[in-house]
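A.B. asks: Could you build the full structure based on these sequences and the hints that come with them?
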Amino acid sequence: GQSLEQPSEVTAVEGAIVQINCTYQTSGFYGLSWYQQHDGGAPTFLSYNALDGLEETGRFSSFLSRSDSYGYLLLQELQMKDSASYFCAAPMIKAAGNKLTFGGGTRVLVKP
Amino acid sequence: DVKVTQSSRYLVKRTGEKVFLECVQDMDHENMFWYRQDPGLGLRLIYFSYDVKMKEKGDIPEGYSVSREKKERFSLILESASTNQTSMYLCASSSGFSYNSPLHFGNGTRLTVT
Numbered sequence: 009g010q011s012l013e014q015p016s017e018v019t020a021v022e023g024a025i026v027q028i029n030c031t032y033q034t035s036g037f038y039g040l041s042w043y044q045q046h047d048g049g050a051p052t053f054l055s056y057n058a059l060d061g062l063e064e065t066g067r068f069s070s071f072l073s074r075s076d077s078y079g080y081l082l083l084q085e086l087q088m089k090d091s092a093s094y095f096c097a098a099p100m101i102k103a104a105g106n107k108l109t110f111g112g113g114t115r116v117l118v119k120p
Numbered sequence: 100d101v102k103v104t105q106s107s108r109y110l111v112k113r114t115g116e117k118v119f120l121e122c123v124q125d126m127d128h129e130n131m132f133w134y135r136q137d138p139g140l141g142l143r144l145i146y147f148s149y150d151v152k153m154k155e156k157g158d159i160p161e162g163y164s165v166s167r168e169k170k171e172r173f174s175l176i177l178e179s180a181s182t183n184q185t186s187m188y189l190c191a192s193s194s195g196f197s198y199n200s201p202l203h204f205g206n207g208t209r210l211t212v213t
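Read top to bottom, the protein sequences are chains E and F.
If you count the first sequence from 1, you need to add 8 to reach my numbering.
If you count the second sequence from 1, you need to add 99 to reach my numbering.
Please keep in mind that the hints were generated in silico from the structure rather than gathered at the bench.
Be aware that one or more of the hints could be misleading.
What the hints assert, rightly or not - Residues from chain F that keep clear of chain E, each with C-beta distances beyond 10 angstroms, as calculated: (1) S107; (2) V118; (3) D125.
Said to hold, decoys possible - Incomplete in silico selection of chain F near chain E, CB under 7 angstroms: (4) G141; (5) P160; (6) S193; (7) Y198; (8) P201; (9) N206.
Heads up, the beta-carbon is just placed ideally off N, CA and C, and yes, glycines get one too.
C.D. replies: Below, the structure written as structure tokens:
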């Protein structure tokens, strides 16, 4: 099977840095994606890491270590609008199309 | 921008009813998905389709069926709704067969079965 574990909730203040960890167990691995979902909204794609290392997109960065079966999403210079749930996700093995297995989600609460 | 439209935002049905959830995408995507979202459990895949009339079971297909008669439309069917199917249902689409092809989600249908 395949599973992804992430913390359920993180609280931080505006301007701070938050790291959301994701550990995974799969019998095969094809990269790690991150999605953001605001309350009442649709999940939206943030990033995808196929290879080890850090990918930076503005204030958000995503990191992958295949040897440690671990990745994280880094949110820098936190803003109130970053309050949302964040999901890590990985493609299922040997599957046509991009079937993703999702982690349980991390709710990020940004306080003033 | 890709648009994935789900026909209902909120739906209330009675136990035993047959329920249809409709999803339409406007970007000619090959792949379409139905996920169920419950607190603490993340998103769980019910069914997906990578072509018209093709379907594959996801992780939790029991009690559900799907239909894809046209490329842009993917329907989720609850044959006989039960209270444990009360949930948020999310439809998504993606293009091609690349693992980095992002999923585009609709806004969801919150279904309550009483």
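A.B. asks: It remains to establish, for every hint, whether it holds in the given structure.
C.D. replies: Here is what the structure says about each hint:
no.: 1; hint: S107; in the structure: holds, 15 angstroms
no.: 2; hint: V118; in the structure: holds, 21 angstroms
no.: 3; hint: D125; in the structure: holds, 15 angstroms
no.: 4; hint: G141; in the structure: holds, 4 angstroms
no.: 5; hint: P160; in the structure: violated, 13 angstroms
no.: 6; hint: S193; in the structure: holds, 5 angstroms
no.: 7; hint: Y198; in the structure: holds, 4 angstroms
no.: 8; hint: P201; in the structure: holds, 4 angstroms
no.: 9; hint: N206; in the structure: holds, 5 angstroms
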